[in-house]
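> Below are the chains, spelled out letter by letter.
Protein chains: 2
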Amino acid sequence: MSIKFENLDSALKKLLSNVSFYPEIEEVEPLNSYKRVLAEDLISPIDLPIRDISHVDGFAIRAEDTKGASKERSISLKIKGKVWAGEFPSFTIKKGEAAKVFTGAYIPDGADSMVMLEEVIQRDGKILISREVKRGEEVILKGSDFKKGSLILEKGSFIKAQHIGMLMNFGIKRIKVFRRPKIAIMPVGSELSDNLEDFEKGKIIDSHSWIIAKLIEENGGEAIHMGIVEDDLNNIHKKLKEGLKYDMIMTIGGSSLGEKDLVHKAINSIGKPGVLVHGLKLQPGRVAGFGVVDGKPIFILPGLIQSTINSFIFLAYPCLQYYFNREPKSYSIRVKAQLEEDLKFKRYRDFKKVSWVKLNYREGNYYAKPIFGMSPMTHVIGRADGYVLIEAYIEEVKRGEEVFVNLIDGL
Amino acid sequence: MSIKFENLDSALKKLLSNVSFYPEIEEVEPLNSYKRVLAEDLISPIDLPIRDISHVDGFAIRAEDTKGASKERSISLKIKGKVWAGEFPSFTIKKGEAAKVFTGAYIPDGADSMVMLEEVIQRDGKILISREVKRGEEVILKGSDFKKGSLILEKGSFIKAQHIGMLMNFGIKRIKVFRRPKIAIMPVGSELSDNLEDFEKGKIIDSHSWIIAKLIEENGGEAIHMGIVEDDLNNIHKKLKEGLKYDMIMTIGGSSLGEKDLVHKAINSIGKPGVLVHGLKLQPGRVAGFGVVDGKPIFILPGLIQSTINSFIFLAYPCLQYYFNREPKSYSIRVKAQLEEDLKFKRYRDFKKVSWVKLNYREGNYYAKPIFGMSPMTHVIGRADGYVLIEAYIEEVKRGEEVFVNLIDGL
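If you read the sequences in order, they're chains A and B. Take the first sequence: its position 282, counted from the start at 1, is 282 in this note's numbering, and no numbers get skipped. Take the second sequence: its position 69, counted from the start at 1, is 69 in this note's numbering, and no numbers get skipped.
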């Protein structure tokens, strides 16, 4: 088996055209829908607000009753009653009448406008108004927030905090969301240990799995840690078979061409089409790849931390978005920043390069400070806020140049 | 009680100089530390890596043994043994010797450089090298990731996914984090109901509480919903007293000057100094404020949704950061974008204004589309990704101008 380095774009295309997801749909209460992904277009079942409401504390009136009013010639209206927020008015407003209405309360039938409390003089059960009020002033019209039948949120929306409250206002009790994809995580390597003390014996702590697990959870998936898998073809084969009951598999480590690197063989042994890409024109990350079996992606994430994270971002993260019917991007948001140190790239000319940076904000501008260090060094991503992607064939990016810093939720 | 509108900056200063937080410190495992805030400077207990390791699959050699080597005159070294990742080498390398070493494995004593597998010819227990190798090539030196005694993460750091794995690599079992502040949420108003069906009876659904609760949780706090509080001075007084056992209180609603708005009175009735700010030069959000009792902040968030969220962002969110010893900002990240529609402001000249916008990304640029709608309308924040803050006295921002869009985690 040899490495053939593939362009990022064509690799991702190959991935998405070979997987097939049929995500089940679940119903959840709005209160339990935070960070879930909507599986339906949500349509407003009602007009919101359900009746005209007042935007202020004041008096509901008929605008035409104020015709000709001025400071010199104020007009007088009889106070017919009060309306508190949370109750329907029990009376209607006729010519020459007004009702005290509080902020957010319903405006009685007959009235069409509000005049603010501080603008009127109250005396003997009457109010005096000394200007003409325009029809509709300070009134929030029925259906002006959402019309019955209009779109509230579209399929594929990620539910944010404000949506929870918004949905409750419609009296919506359940919404359809995609089931969280279950993603099996398999760190591969006899050098690994999950006993934190074993680093003293020369073992390598299985730490990458837990970073990947958090990124999966933060971005809508469910991570299932399958335990450390020893470097043995049978072992890996068995674990992969077991992993096929989930929606995706991510192996970590065992992806280069060392004598113990058996992941590729094992993937090909469990089903078709097997490994589709082994090698990415991405640095760090060049020994990453993926296979597909039964329509399910099996990501081959390399074991050196920068490579692990980079290949997660460029293969697994967009695939997760794709599962949810969302655009398969490799970032959640991007921030323009000025580069604070030169970046130079001598090797891997035709590869894209990833440079991790720390963002600093000063006087209205962001600055991106590159964190240098070899692929296995943990401080690089540990101190970084996001990454800059440098196109192939670019050998240098100068200090002061404007770059995009790409952020991923959870990192 | 009358409203006196205070500048945002001086209001925040008054808030932070009157509260006193003594956050307790808890110990948690790195695996349970996601999104917690570090309460200590974390110092590296060891050199990382603990010994020199190889960056590649190849042979560990002594660089000086390759002196004079060339394509015409390759030199030959005896293969003394193999080192796998996860074990300590059991032998040393002497003059004329080499050892096969896999990526991430420790380099035997005596060797100082790595030569890649694909660069050598293996024959009869020997390798042939046809170039001079520089001392230290492809070697990751002991302590080059972190030196013993150096700073890993500073106090006040928000623990992100990558930190979890990073800390495990040090064998760190527990870290000190600030206890999550417990924040009591009190929606105030007899018009409120927590029965989703009651909107048909004219009631207003208590939806804002749950938005605020999620924002608190997403940003490191613990939200305790105290239930809806009826408009009654005794009731509010009692609930506030009860809320004082927590670290902060947020009332929602009941903050304007309508006949039922009793929150301010109630705050002053439970202790000193009581209400410190009532009224902000912020629109929407102008009837917001806060009190302090026993050093604990009591936020007075208005009941119309845009005002609720805006005042949360400009008072409560920075206060939450302050609790954690972090910079008291009103955003988590800001993105430069081009405004897509004119913004005009006629009223509240000396107020700052908040305009909620949707971010759209096209061809390397972000565009900010303002979402218009009155303060109680839920679709405004529902459709927005972030907000633009417009300085006082600015009456117009033109389409095409560059603005900062401020993002808050969870929104």
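Any given hint might turn out to be false.
Here are the simulated DSBU-like pairs of lysine-lysine, each with C-alpha atoms no more than 30 Å apart in a straight line [claimed, not checked]:
#: 1; chain 1: A; residue 1: K346; chain 2: B; residue 2: K281
#: 2; chain 1: B; residue 1: K281; chain 2: B; residue 2: K369
#: 3; chain 1: B; residue 1: K346; chain 2: A; residue 2: K71
It should be emphasised that the hints constitute simulated quantities derived from the structure, not laboratory data. On a predicted model such as this, the values are computed, not experimentally measured, just so you know.
> For the pair supplied as a hint, K346 (chain A) and K281 (chain B), is the alpha-carbon distance within the 30 Å limit?
55 Å, violated
> For the pair supplied as a hint, K281 (chain B) and K369 (chain B), confirm whether the alpha-carbon distance does not exceed 30 Å.
24 Å, holds
> Taking 30 Å as the top limit, are the C-alpha atoms of K346 (chain B) and K71 (chain A) close enough?
23 Å, holds
In summary, the one numbered hint that this structure violates is 1.
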